[in-house]
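Trainee: Can you make the complete structure from the sequences, with help from the hints?
For the sequence shown, the numbering used here begins at 9 and goes up steadily by one.
No lab work stands behind these hints: they were computed from the structure. All of these numbers come straight from a predicted model, not from anything done at the bench. All C-beta atoms in this analysis are idealised placements derived from N, C-alpha and C, irrespective of residue type, glycine included. Hints may be right or wrong, so weigh each one.
To be verified - Distance condition first, Cα-Cα at most 25 Å in a straight line; then the derived SDA-like pairs of lysine to any residue:
hint: 1; residue 1: K113; residue 2: F142
hint: 2; residue 1: K150; residue 2: T118
hint: 3; residue 1: K207; residue 2: Q220
hint: 4; residue 1: K415; residue 2: L383
hint: 5; residue 1: K59; residue 2: F191
hint: 6; residue 1: K195; residue 2: S180
hint: 7; residue 1: K150; residue 2: E235
hint: 8; residue 1: K150; residue 2: P85
hint: 9; residue 1: K113; residue 2: R212
hint: 10; residue 1: K415; residue 2: G403
hint: 11; residue 1: K150; residue 2: L208
hint: 12; residue 1: K113; residue 2: S180
hint: 13; residue 1: K150; residue 2: R478
hint: 14; residue 1: K150; residue 2: S233
hint: 15; residue 1: K150; residue 2: R199
hint: 16; residue 1: K207; residue 2: D174
hint: 17; residue 1: K415; residue 2: R175
hint: 18; residue 1: K415; residue 2: L373
hint: 19; residue 1: K207; residue 2: R175
hint: 20; residue 1: K195; residue 2: V48
hint: 21; residue 1: K59; residue 2: G290
hint: 22; residue 1: K113; residue 2: H31
hint: 23; residue 1: K59; residue 2: R199
hint: 24; residue 1: K415; residue 2: R348
Unchecked claim - Quick list of simulated restraints, FRET-style, between CB atoms:
hint: 25; residue 1: D78; residue 2: R297; range: 21 to 31 Å
hint: 26; residue 1: D325; residue 2: G25; range: 35 to 45 Å
hint: 27; residue 1: F386; residue 2: D499; range: 32 to 42 Å
hint: 28; residue 1: L319; residue 2: D78; range: 26 to 36 Å
hint: 29; residue 1: D204; residue 2: V496; range: 36 to 46 Å
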Amino acid sequence: MTTPRNSHRSSASAGWGCQEDGHYRELGPQQALSWLRPSVLWRSRNDVIAKRFGDPVDDIRRRWIGEPGDMLLRSEPDTTFSFLLLGDTGEGDQSQFAVVPGMLKIGQDTDFAVIASDVIYPIGSVNDYPQKFFKPYQDYRKPIYAIPGNHDWYDGLEGFMRVFCDRQGDGSPGDWWHGSLGFVARKLWRRPEPADEEKLAEGRKLRSMVEQQAVQPGPYWVIDSPELRIIGIDTGIQGRLDREQGAWLRRVSADPRPKLLITGKPIYKDDVHQPGSIEGGGTVDEIVREFSYVAVIGGDIHNYQRYPIVLQRDGRDEIVQYVVAGGSGAFMHATHTIARTSTVVEDTFTCYPLRGDSLVFYSRLYGRRLRWLGLRRFFDISYPEAAAAVSERLGIPPSRPEADDVKPGRRARMIASLLGVPGATGRLTSWFRLPVRKAYHKLFSETADSDLPPFFKSFLRIDVTPGELRIRCIGASGCRAHELAPPVEDDFRIPLR
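Mentor: Written as structure tokens, this is what we have:
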């Protein structure tokens with residue numbers, strides 16, 4: 009079988025019109041995680057409590073960690089090593105398992121893997137680890153490390169610390185809240201559910217080989233090598249570092265080696281800069297810019313984006329690659345809602361899926377959702393039409409040649425407007441739009457985990473060699489052809505001085 013081209017070449021190479029479903033269907037369950045069930049919404053209530061009543065995460069993390077030491081996770085003695093990075097994995101359904109065949113093929117010679125953010129949905133429960141962590145990655149024969157995302161914190165980080173750090177606590181917010189509403193907040197805060205020890209033990213057997221074992225020092229850590237220092241940070245529920253972790257990050261960042269930061273929240277996403285606050289003052293990005301970081305990779309957003317930001321350091325221009333890499337399992341966040349970029353030159357911005365593919369994906373989702381109104385055919389748009397409409401509204405050329413000479417019709421323009429493609433100014437120009445971002449997923453997130461390829465999932469392979477860091481984004485469409493020859497959707501190299 010010939011190697012499939014990536015999504016930049018053709019609709020077929022993106023996975024549209026998939027000829028044969030992949031092996032993933034034999035690996036995972038058929039039922040997608042539904043966020044509509046009242047029980048799921050109630051179990052996830054800590055997100056709302058933290059945002060409305062005050063966030064106890066910093067205090068809970070202090071009790072887990074105390075005063076951080078060097079937090080060294082592992083030290084690579086060689087100048088050459090490789091690892092995989094997956095983000096926002098743990099829904100435990102077919103969209104997560106669709107990543108596994110390509111991950112095993114691309115990662116068979118890697119030294120370890122890292123999960124960046126949201127290891128387990130919806131609440132990080134230790135009882136979900138057998139199905140959503142141990143089972144999917146049972147055949148990856150190297151250690152897997154992780155940093156937590158906001159969903160992993162919904163049980164006070166109990167599941168994460170139990171599995172990755174071999175520690176147990178109570179996930180209690182302690183005496184965090186005061187005042188008239190403090191009593192209510194303490195009562196509403198969800199404590200971890202009791203562990204099903206038998207179920208957990210059965211899950212652990214799936215990754216019981218000696219070469220798969222590892223214990224982390226905590227939810228943030230350092231991996232060292234002669235060429236590169238890799239630092240993982242824990243951004244909690246709202247993307248903030250506690251004071252002690254902030255001081256630790258500054259201390260370990262002072263090392264003169266080039267550095268790669270892995271974070272639960274990206275610093276650039278959807279053409280927006282979110283520098284990441286630190287308790288007591290300062291931001292994560294200030295540390296990145298001050299010290300010799302060459303790349304920052306964050307999860308939380310369920311797609312792939314890359315922003316090469318030019319910084320002034322010591323009187324010369326240096327590029328820091330800011331990457332979003334949260335597309336390894338959870339429902340897909342749209343890219344067609346990203347405006348023509350202003351944080352970087354549009355020609356240097358990369359995303360997966362391409363904006364046109366994202367518009368087709370969401371248009372067809374709405375077609376299925378609204379078929380009872382007879383609108384399925386209305387929303388059945390082709391890539392050339394979608395890409396042409398995106399190109400016209402954003403004032404950018406189409407991403408694939410097949411849309412170069414296409415002019416969007418009235419229906420394509422209407423769909424682009426309804427589904428939130430910004431105008432050339434970056435603003436939405438329609439008087440009415442259907443929900444696509446957060447509101448859509450609160451209502452319809454399980455449909456975004458379509459059981460039909462293409463899934464537009466992705467993961468990273470990262471290679472460190474003398475003088476160079478290479479990062480590749482690997483696509484996972486769910487098509488058999490892409491499992492056999494996983495497409496490289498982005499490939500860039502960073503010199504390590």
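Trainee: Are the hints correct? Go through all of them and say.
Mentor: Tested hints:
| no. | hint | result |
| --- | --- | --- |
| 1 | K113 - F142 | holds, 18 Å |
| 2 | K150 - T118 | holds, 8 Å |
| 3 | K207 - Q220 | holds, 19 Å |
| 4 | K415 - L383 | holds, 23 Å |
| 5 | K59 - F191 | holds, 16 Å |
| 6 | K195 - S180 | holds, 11 Å |
| 7 | K150 - E235 | holds, 21 Å |
| 8 | K150 - P85 | holds, 17 Å |
| 9 | K113 - R212 | holds, 23 Å |
| 10 | K415 - G403 | holds, 13 Å |
| 11 | K150 - L208 | holds, 20 Å |
| 12 | K113 - S180 | violated, 41 Å |
| 13 | K150 - R478 | holds, 20 Å |
| 14 | K150 - S233 | holds, 18 Å |
| 15 | K150 - R199 | violated, 32 Å |
| 16 | K207 - D174 | holds, 16 Å |
| 17 | K415 - R175 | violated, 59 Å |
| 18 | K415 - L373 | holds, 23 Å |
| 19 | K207 - R175 | holds, 18 Å |
| 20 | K195 - V48 | holds, 18 Å |
| 21 | K59 - G290 | holds, 21 Å |
| 22 | K113 - H31 | holds, 13 Å |
| 23 | K59 - R199 | holds, 17 Å |
| 24 | K415 - R348 | holds, 19 Å |
| 25 | D78 - R297: 21 to 31 Å | holds, 23 Å |
| 26 | D325 - G25: 35 to 45 Å | holds, 43 Å |
| 27 | F386 - D499: 32 to 42 Å | holds, 38 Å |
| 28 | L319 - D78: 26 to 36 Å | holds, 27 Å |
| 29 | D204 - V496: 36 to 46 Å | holds, 40 Å |
Comparing the model with each earlier hint shows violations of hints 12, 15 and 17; every other hint is respected.
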